[in-house]
Amino acid sequence: MADILQLLVAGLATGGIYALVAIGFVLLWQTSQTINFAQGEFVMVPAFFVLAAMKLGGLSFPVAMLLGFLVTVVVLGLLFKRLLVDPIIRHGVLPLVISSIALAIFLKESVKEFYAADAQPFPAAWATTNLTVGGAVVAVQNLVIIAVAVVAVAALQYFLAGTRTGRRMQATAQNPGLARILGIPVERMILYTFLINAGLVALASFLVSPIYLAKFSNGETLGLVAFIAAIIGGFNQVRGAIVGGLLLGVIDNFVAAYLSAQYRGAIPLFLLIAVILFRPQGLVGRVEERTV
Amino acid sequence: MTRARTARVIAAAVVVAAIVAPFTLKPYGIYLLSLWAVMTIAAIGLNLTLGYAGQISLAQASFVGIGAYTAAILTTQGWPLAAAFVLAMALCFAIGWLLGYPALRVQHHYLAFVTLSFATLVFLVLRNEEWLTKGVYGISGIPRPTVLGWSTQGPVDFYFFCLGVLALVSAATWWIIRSPWGRAFMALRENPIRASSLGVDTRRYTLMAFAIGSVLGGISGVLYAPLVQFIEPNAFALGLSFNLLLMVIVGGSGYFYGPFLGAVVSVLLPEWLRFSEGLYLILYAVFVMILMAYFPSGLLGLAEGLIKRAGKPAPGPALPTRDGDAS
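Protein sequences, first through last, are from chains A and B. Per my numbering, the first sequence runs over residues 21 to 312. Per my numbering, the second sequence runs over residues 96 to 422.
One chain only, chain B, in its complex shape (with noise of 0.2 Å):
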């Protein structure tokens, strides 16, 4: 069996469960798999933006947090969903897109920088702006669509809503990365200068890659406010930054499939791992540790490396962390 199919047959397998599943669930696990389904979409952005284009940014939370926040403001006076959903994707393209500025000056560990402080900005804009955000006493209430008569108040049911906003920014995703501008954006990532000289307008598509990103952030904070229903500040700094960033590389950054294995290993392992309380998160910073020494290109490029070791032959995509000197 190729690579390509063995792929297709895992992903087969896990669409499926992700279908099934909720039906053998307590409510608790119903909300766990929406948060799942609901990081792995500000993920997969992630991913468009460092996996793919090769630019890290800090400041994914920000983009959840203003599209959660845009979503909460309006559905709580009473507009629909859909409505959030367009203005916070302008706004988080827009926004985004400026984001994309620092880029064309600086890389790697300081663009990191440049989006940490970013993100901070953005934080201490939720908590202090109390007319519009309500500050540290956060946001209640906000209400969960009824789309085209279908009320998505139950935990299955809103489930499917986030399940299907999944699917379709996962068909965009793969659909961007198979046009050109997916090639542009690799060009990018592996080397800047001859893109450059090979036409590629890596002004436009490094601030495109931000932008994008960017929105994909702004559609998960939409579905994020109505699933947990009440939204503060605290919820998108920087810790949440930071762990976006982790499932990205921990799935595999540069590999489509990456951001959804990254996504269950950061939101459904702690959850099982509840036993361990504390002692989580000091494993699993452990567990980066010891796979950024041995590998940098996550679960997936580890995967790919047994496969590979087993005696097939795959191409597979180029470590997108192999560019050596910063800027």
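The following block holds chain A by itself, in its conformation from the complex (with noise of 0.2 Å):
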């Protein structure tokens, strides 16, 4: 039972993180059909400028991630979508696709060359410690990583569905003639949502960077797998994407504890492929429909 505890709680912070990553691609591809594959290079980057700012800069770690978040959110957020998304959209999706792999070979190679090829400590924020409730052993930092989860997740659904900026965002997602029409500044809106998923990135890279180390590589799986939550949760809403994140995060758990830690990988492609094959919507998506 303990270890069940402690598998749920360690799966939960993974799946959150997960979650976080997966929101934001859907968010993208929800206002402005961008695919973006380098999504999880996205996530590698912003601890890479937290550094950067300490070891450069002199900063201390709390400015540092200040500065990083606001840095990561011009240019993951802004300059992405200005000087990438914007020229190439209108070519279609193969292009953005190849574009945005460009993109993370660019990153990639990038933090590599500039800033280091080995894996780099990154500080924590809160404490790493273990707590011990009724014989399991948690992890404080997976706590702390699901309560940030938790109330990221719900200040954006009240920013989204709460608010007039949020609703006019949904607006321009259902159907992006009508919204202009009405008079919604559409393309402010969708610069919205890249602010928004640059924020979300950051999060997530300050969350799981002091647990897996800042490393250059890190955005190959990363990426792939908030990819494959956002499919398997239902890729046209929000909540599709924290489904399929938090229980992409809890099978890797229990599959690497009691199946094979070999083939733990494996397990979201299987999911992906049996979901595209039997229930392509998703497990709680609606079929052919837009929101956020």
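Since the hints were made in silico from the structure, they are not lab data. Check the hints yourself; a few may be wrong.
Said to hold, decoys possible - Among the chain B residues that face chain A by a calculated CB cut under 10 Å, a handful are:
1) Y205
2) L211
3) T215
4) S348
5) A388
Claimed, not checked - 20 Å max Cα-Cα, derived SDA-like pairs, lysine to any residue:
6) K229(B) with A281(A)
7) K229(B) with Y283(A)
8) K235(A) with L376(B)
9) K235(A) with L333(B)
10) K235(A) with L374(B)
Quick reminder that beta carbons are idealized off the backbone N, C-alpha and C, glycines included.
Fit the two chains together into the complex; they arrive one by one in their own frames, and the hints show the way.
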């Protein structure tokens, strides 16, 4: 029992990070049909912004983290949209897929070339001790990750459903043409989703880097798993990304513990293929619907 | 001069260069040329699947891997390379056919990720099934074949062997593209619903596009193993799949000569730009992003655009990328 609780908490923490990354994916797709193959690298990069600010700028960790967050929002949000997505999206989905693959290579190689090729320790903003709850040993950082993910998702849901801007974004996602006629600044709404995506990946980066260390190749599996989470849950809904992310995180931890550590990486892939063949709209998704 | 004739003259010049070049190069240069020929075969296969039939695949490296491991396992146990060719082609055809099934349900980015997942799966099998593949230790001492009494042990001999296979593959592909099958593939790419309403069996041709493209990946792998003589799973990881995809796109997807040019950019250029070391990949990535922004049809599309601008109207293949919204 204690084992199961332990694995569940670890799985929810992993899943929370997957969910944050997957939500960003879904948001970009919903509002602008942008598929970002560099999403995993987007999670890898912000940690290096923070490290660079600390090492080169001599800033303290909290200040560097704030700066890293802002730089991420500008570079991976604003500049990503303006410089890469805007000129290419008119050619269709495939060129954008290719470009974001190239962007992933660009980010990975730049970090490797200009910062470091080996894993860098990343300071944690919280205690790294363990708690014992009813015989189960639970890492405090897992609880922190779960808490941050829950707060972030709740805030995002409130923003999308409860505020004027959020509802305008939903309108943009559902029918950009009609939204434009109704006087909604569609372009700005799309830009907001890019900024939100950048914020989410920065958050995920700060949560995951203390555990796995900051390394240029960290994004490879993370991006793939986050996308699979989005598809499994249902690509056209934010809550699909949440369900998919948590499910993958939990399954991943249980498989590694009870079945096969060697093939833990294969489980999401089997799930993906099964979902695509038997329920392409995802577990909680609905067919042919678009909403954020 | 018409476009077709220009292309033919350039192609003839390249063939002559490819035959003369090894006699002027050091062994490492010959190795690179052989690698170019081998990678071009895999890229031609992907160009059939992606460029002509419009089905994106990020799993081409897996088929190169399946071919390479088939060749390595069989030839190190004394079987002839011909047996490896037959088995690898059959295996890749069957697995490629199966990989086509998801493509019947989903398109574009979904398909990209499904094939990406498949590639990861193959990589895990190659790494973990040590009884068969020797896992991360790889397989070494892969012998080069003797073809009808002609030993291809030396680098130049093996290069000509690869070039010969490339010529056969090119001729077969040329024939496929011009056959009714090629037309059906292009119909599939341009407008699957219209194609199906005109009586094209889209289901069969989608699966066929994957199967044939995969067979060429397998052939490339069977040559790759004796070329490098040591293989390990990392060589066939996602990096190679991305690389092959970029070869097809950069050269010009849907153009017959696209993969040849793309493989030059991707295999030979990095070596010439060796002084820049890690910077090369960064520059390459920037180049691809700029190319996609301005010339999504690749270098050959760019060249065609320039010729057109010079005032010579020329009909070219329609862009495979203009099919708008996804799935």
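Can you give the numbers of the hints that this structure goes against, from lowest to highest? Per hint list: zero violations.
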